[in-house]
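The listed protein sequences derive, respectively, from chains A and B.
So for the first sequence, this note's numbering puts the first residue at 434; every next one is plus one.
So for the second sequence, this note's numbering puts the first residue at 45; every next one is plus one.
To be clear, the hints were calculated from the coordinates, so they are not data collected in a lab.
For clarity, every value in this text was computed on a predicted model and none was experimentally measured.
One thing to keep in mind: the hints can contain errors.
To be verified - List time: in silico SDA-like cross-link candidates among lysine to any residue, alpha-carbon distance up to 25 Å:
1) K53(B) with Q450(A)
2) K117(B) with P75(B)
3) K59(B) with M128(B)
4) K490(A) with K59(B)
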Amino acid sequence: KAGVTQTPRYLIKTRGQQVTLSCSPISGHRSVSWYQQTPGQGLQFLFEYFSETQRNKGNFPGRFSGRQFSNSRSEMNVSTLELGDSALYLCASSLGQGWSGELFFGEGSRLTVL
Amino acid sequence: AQRVTQPEKLLSVFKGAPVELKCNYSYSGSPELFWYVQYSRQRLQLLLRHISRESIKGFTADLNKGETSFHLKKPFAQEEDSAMYYCALMSSNQFYFGTGTSLTVIP
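Please model the complete structure; the sequences and the hints are all you need to start from.
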């Protein structure tokens, strides 16, 4: 079974630009959640999608948005990038319903904002 | 509000010594708690969950509702246990992670 795939793995942007990150979940998983990982803050929850609907949203500004497609693939977008957005963005997939709570993580997309 | 606290950013122990990684939580209901681990150059993965009461790689974690703690323990640390450990709480399909503890086992 293929794992969670995130693209791109690395990217460099400048302040003010926007970025789109992609996540392909494990086949059969209907839930995709996104996290921002930084050395000082650990993992911070961004949002979670289940069957194309956003079920939960973390405490991030509106510049951070996401969506999920009918094949469960998900994208997150960050507009008007700031230096503080530099981080590793992790995607995790799960069954999302009647499940044991196990999240399956991708390798992450490392974003550097200059 | 839900919160997970891991007071130690860094923890070093000698091989063969006991290890305990601390986790405290705040949650008004019955919590579902987990430990996730990230080994060097590997993905973050589930280590154990409190509902299954299992021992994985020699690690155990007991939920103490009175102290609102879910500490991770292992009686004899091994070098391969060196990793980043995250305690997490799940509520309404949303996970709240602690800031993590980096464990180094000294040979």
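For this session: May I ask which of the numbered hints given earlier this structure violates, with the numbers listed in increasing order?
Result: 1, 4
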